[in-house]
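Using the sequences and the hints given, assemble the complete structure.
In order, the protein sequence lines correspond to chains A and B.
The first sequence begins at 1 in our numbering and counts up by one.
The second sequence begins at 1 in our numbering and counts up by one.
Mixed in with the good hints there might be a few duds.
Claimed, not checked - Computed list of lysine to aspartate or glutamate pairs in EDC-like fashion (alpha-carbon distance at most 16 angstroms, straight line):
| id | chain 1 | residue 1 | chain 2 | residue 2 |
| --- | --- | --- | --- | --- |
| 1 | A | Lys247 | A | Asp226 |
| 2 | A | Lys342 | A | Glu48 |
| 3 | A | Lys310 | A | Asp287 |
| 4 | A | Lys342 | A | Asp148 |
| 5 | A | Lys239 | A | Glu34 |
| 6 | B | Lys197 | A | Asp31 |
| 7 | A | Lys338 | A | Asp45 |
| 8 | A | Lys310 | A | Asp281 |
| 9 | B | Lys197 | A | Glu34 |
| 10 | A | Lys252 | A | Asp226 |
| 11 | A | Lys342 | A | Asp47 |
| 12 | B | Lys237 | B | Glu366 |
| 13 | A | Lys208 | B | Asp19 |
| 14 | B | Lys197 | A | Asp30 |
| 15 | B | Lys197 | A | Asp28 |
Simulated from the structure, these hints should not be mistaken for laboratory data.
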Amino acid sequence: MASGIVSYGVYIPRYRIRLNEIARVWGDGDDVAESLRVFEKSVPDLDEDAVTIAVEAARNAITRANIDPCRIGAVYAGSESHPYAVKPTGTIVGEAICTSSAFTAADFEFACKAGTAAMQACLGLVGSGFIDLGMAIGSDVSQGAPGDMLEYTAAAGGAAYIIGSRDLAAEIEGFFSFTTDTPDFWRREGMPYPEHGGRFTGEPAYFKHVTSAARGLMERLGTKADDYDYAVFHQPNGKFPVRVAAKLGFSKKQIEPGLVVPMIGNTYSGSCMIGLAATLDVAHPGDRIFVTSFGSGAGSDAFSISVKDKIEEIRCGAPSVRDYIGDAQYLDYAVYAKHKGKLRI
Amino acid sequence: MRSVSIIGVGCTKFGERWDVSLRDMVAEAGVMAIDDASATGEQIDALYVGNMSGGRFVEQEHIGALIADCAGLSRLHIPSTRVEAACASGGLALRQAVLAVASGYHDIVIAAGVEKMTDVSSGTAADALAAAADREWECFFGATFPALYAMMARLHMRRYGTTHDQMAQVAVKNHYNACLNPIAQYHMEITVNDVNKSPMVADPLHILDCSPISDGAAAVVLAPTDMARRFSDLPVKIAASAQGSDTLALHDRRDLTTLDATVHAARKAFAQANVEPRQIDVAEVHDCFTIAEILAIEDLGFVEKGQGGKAVEEGMTALSGRLPINTSGGLKACGHPVGATGIKQAYEIALQLRGKAGRRQVDEAEVGLTHNVGGSGGTAIVHILTR
Numbered sequence: 001m002a003s004g005i006v007s008y009g010v011y012i013p014r015y016r017i018r019l020n021e022i023a024r025v026w027g028d029g030d031d032v033a034e035s036l037r038v039f040e041k042s043v044p045d046l047d048e049d050a051v052t053i054a055v056e057a058a059r060n061a062i063t064r065a066n067i068d069p070c071r072i073g074a075v076y077a078g079s080e081s082h083p084y085a086v087k088p089t090g091t092i093v094g095e096a097i098c099t100s101s102a103f104t105a106a107d108f109e110f111a112c113k114a115g116t117a118a119m120q121a122c123l124g125l126v127g128s129g130f131i132d133l134g135m136a137i138g139s140d141v142s143q144g145a146p147g148d149m150l151e152y153t154a155a156a157g158g159a160a161y162i163i164g165s166r167d168l169a170a171e172i173e174g175f176f177s178f179t180t181d182t183p184d185f186w187r188r189e190g191m192p193y194p195e196h197g198g199r200f201t202g203e204p205a206y207f208k209h210v211t212s213a214a215r216g217l218m219e220r221l222g223t224k225a226d227d228y229d230y231a232v233f234h235q236p237n238g239k240f241p242v243r244v245a246a247k248l249g250f251s252k253k254q255i256e257p258g259l260v261v262p263m264i265g266n267t268y269s270g271s272c273m274i275g276l277a278a279t280l281d282v283a284h285p286g287d288r289i290f291v292t293s294f295g296s297g298a299g300s301d302a303f304s305i306s307v308k309d310k311i312e313e314i315r316c317g318a319p320s321v322r323d324y325i326g327d328a329q330y331l332d333y334a335v336y337a338k339h340k341g342k343l344r345i
Numbered sequence: 001m002r003s004v005s006i007i008g009v010g011c012t013k014f015g016e017r018w019d020v021s022l023r024d025m026v027a028e029a030g031v032m033a034i035d036d037a038s039a040t041g042e043q044i045d046a047l048y049v050g051n052m053s054g055g056r057f058v059e060q061e062h063i064g065a066l067i068a069d070c071a072g073l074s075r076l077h078i079p080s081t082r083v084e085a086a087c088a089s090g091g092l093a094l095r096q097a098v099l100a101v102a103s104g105y106h107d108i109v110i111a112a113g114v115e116k117m118t119d120v121s122s123g124t125a126a127d128a129l130a131a132a133a134d135r136e137w138e139c140f141f142g143a144t145f146p147a148l149y150a151m152m153a154r155l156h157m158r159r160y161g162t163t164h165d166q167m168a169q170v171a172v173k174n175h176y177n178a179c180l181n182p183i184a185q186y187h188m189e190i191t192v193n194d195v196n197k198s199p200m201v202a203d204p205l206h207i208l209d210c211s212p213i214s215d216g217a218a219a220v221v222l223a224p225t226d227m228a229r230r231f232s233d234l235p236v237k238i239a240a241s242a243q244g245s246d247t248l249a250l251h252d253r254r255d256l257t258t259l260d261a262t263v264h265a266a267r268k269a270f271a272q273a274n275v276e277p278r279q280i281d282v283a284e285v286h287d288c289f290t291i292a293e294i295l296a297i298e299d300l301g302f303v304e305k306g307q308g309g310k311a312v313e314e315g316m317t318a319l320s321g322r323l324p325i326n327t328s329g330g331l332k333a334c335g336h337p338v339g340a341t342g343i344k345q346a347y348e349i350a351l352q353l354r355g356k357a358g359r360r361q362v363d364e365a366e367v368g369l370t371h372n373v374g375g376s377g378g379t380a381i382v383h384i385l386t387r
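Next comes the structure, spelled out in structure tokens:
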């Protein structure tokens, strides 16, 4: 039974800080933005967190395709910044979007790919017929220690996908995951900011896992880069997805619509899913999209997606990614620090 | 004392070797060296290994027994000793092995060096390296290694008119050489402008003035010279092995722009080998920072004090120059796994003297020198090698 995306929604906080402003404070020079190929990043409001972002994205997904929330049998919320260590994000989202109580929920954590792991779980439940619709969310208010390189890119945002097997806006033709125990980036219980292995996060982590998952899926499906109209890769900065696309044979044109990191930064669990949403915002029926997420620790999920006629019908039902990107208010570092809770009183 | 020769050499690729462990690397280099010597494990009488800080970098001490074990030699119960002199640990391991053979106590001895530095954060690595300085009188007051060498550089600039562009040319030259060396960490050429534009670490030293954090291992096999031809068609004679020491802290030195440990070790080495500095055809010197190479060629007697920067600028030390320095790429561009560096220097000079250095071969190289420094100059080891 064909399964896939019935609807999708995104949310990106309105506030932005320019990387040059962060570099000004830390004395790093203006070339940081250019070297990362990220120029501004989204910043949550004082009262926004991974839950509120998940709820906004989920509501947009419901609204876009006019879905009856009571059809949703699973809410899986992926994040690495769940506000509670014990108490699920998924239950809050479920109540907020007015599901019945007859749904299962759980929170996922797999660094930046928890949301695509949630999509796979929903595909399993939907494909096996256990539930009608499942909701998979990736949302984060990611953390970067003041002065750390992560601070330049750690942003806020999220996406929600409603997975089903009827009225598909896009069919998920197959997926392939590649997972190893690779300690490239981590945050221990109770610690406010993550630690990372510097350049170790590159070749042995991001590139190895993204290319392995992507090649694994293309081999399994017998496809090649040319068979796809668009491609989306996890976007920790503006360089890695461009480089990995070239490595896999994808052109800059194929990744351009989904490459949102230069404008909003790395939204972690939201990153790849917002990139996919930005691509669905412009894709046409018959287009094929290749998507590969990456989560530190480490793993990648690659998906092959075929866009269906239904996309035209639901496209304008909720704000697009570009709508959110275009609605920006800029903060200086002091106000940004207040928004991010970096000032301890 | 018996004359000693190198009968086999081996060296791993240097760099961020995330896929291998300390023991993998030392075994790889050791096997290469034993193979190169056409020897067998049973013929090895003793092992020496230079390693600065296995305890800090990979939480492993007792490296002597470890390397005998992972080389498959534990069943022979031969002596295996780890030696430490900070960044000169490798050079010191070579010297201990030379003394063991020269004294007649052992015949076939391996001198190895290894360091696995990238398993820890750069902050932890920097702190482990800082242990080579005077912790109480330098580090506790905020000094770091780049800062100590920056002070030497500033005084050298002020006193002798050395420019930062001249220092940058050391990095440019060594990156060029590294591009010709398959085991080097960096295979990218850089320009003076690249060095000048790279982030400042400790004024006037930019990041591209500094050697990197690296993983790697190297090994050489030694034998009495009169036995060497039984193993190798191209043995390399160790004509001199000398060691000097100085105050641990930089501020206690007679002169901040001279490493007296180097001066004294070099003097002894040239006397032992009965050669003059001008007779050296190729040298590997300790360029942990670009200024360090300039100080080294002065302190070794290759140029007058204060003329090192000018010599680099004029191309004297380039691959095509009168005295090619750091044909391997040096610590700067070949990489600096601290315990391995002193052995890698001997590996490089042995290749040069055998005529097996490939695209970086120095024509008719007959006499070579290695110079390995611990800390900011508390220890210096000089070896002179001949065909």
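Here's how the hints hold up against the structure:
Restraint check for lysine 247 of chain A and aspartate 226 of chain A: the C-alpha separation of about 13 angstroms stays at or below 16 angstroms, so the hint holds. The suggested pairing of lysine 342 of chain A with glutamate 48 of chain A holds, with an alpha-carbon distance near 15 angstroms, which does not exceed 16 angstroms. About 12 angstroms separates the Cα atoms of lysine 310 of chain A and aspartate 287 of chain A, which keeps this hinted pair within 16 angstroms; it holds. With a C-alpha separation of about 13 angstroms, the suggested pair lysine 342 of chain A and aspartate 148 of chain A falls inside the 16 angstroms cut-off, and the hint holds.
A threshold of 16 angstroms between alpha carbons decides the hint, and for lysine 239 of chain A with glutamate 34 of chain A the separation of about 10 angstroms falls inside it, so the pair holds. This hinted pair checks out: lysine 197 of chain B and aspartate 31 of chain A have alpha carbons roughly 11 angstroms apart, not beyond 16 angstroms. Distance check on the hinted pair: lysine 338 of chain A and aspartate 45 of chain A sit about 9 angstroms apart at the alpha-carbon level, within 16 angstroms; holds. Pair hint lysine 310 of chain A plus aspartate 281 of chain A holds up; C-alpha atoms about 12 angstroms apart against a cutoff of 16 angstroms.
Of the supplied pair hints, the one linking lysine 197 of chain B and glutamate 34 of chain A holds, its CA atoms being roughly 15 angstroms apart against a limit of 16 angstroms. Pair hint lysine 252 of chain A plus aspartate 226 of chain A holds up; C-alpha atoms about 12 angstroms apart against a cutoff of 16 angstroms. With a C-alpha separation of about 14 angstroms, the suggested pairing of lysine 342 of chain A with aspartate 47 of chain A holds against the 16 angstroms cut-off. This hinted pair checks out: lysine 237 of chain B and glutamate 366 of chain B have alpha carbons roughly 10 angstroms apart, not beyond 16 angstroms.
Only pairs whose Cα atoms come within 16 angstroms are accepted, and lysine 208 of chain A paired with aspartate 19 of chain B is accepted, the gap being roughly 12 angstroms. With a C-alpha separation of about 13 angstroms, the suggested pair lysine 197 of chain B and aspartate 30 of chain A falls inside the 16 angstroms cut-off, and the hint holds. A threshold of 16 angstroms between alpha carbons decides the hint, and for lysine 197 of chain B with aspartate 28 of chain A the separation of about 12 angstroms falls inside it, so the pair holds.
The structure agrees with every numbered hint stated previously.
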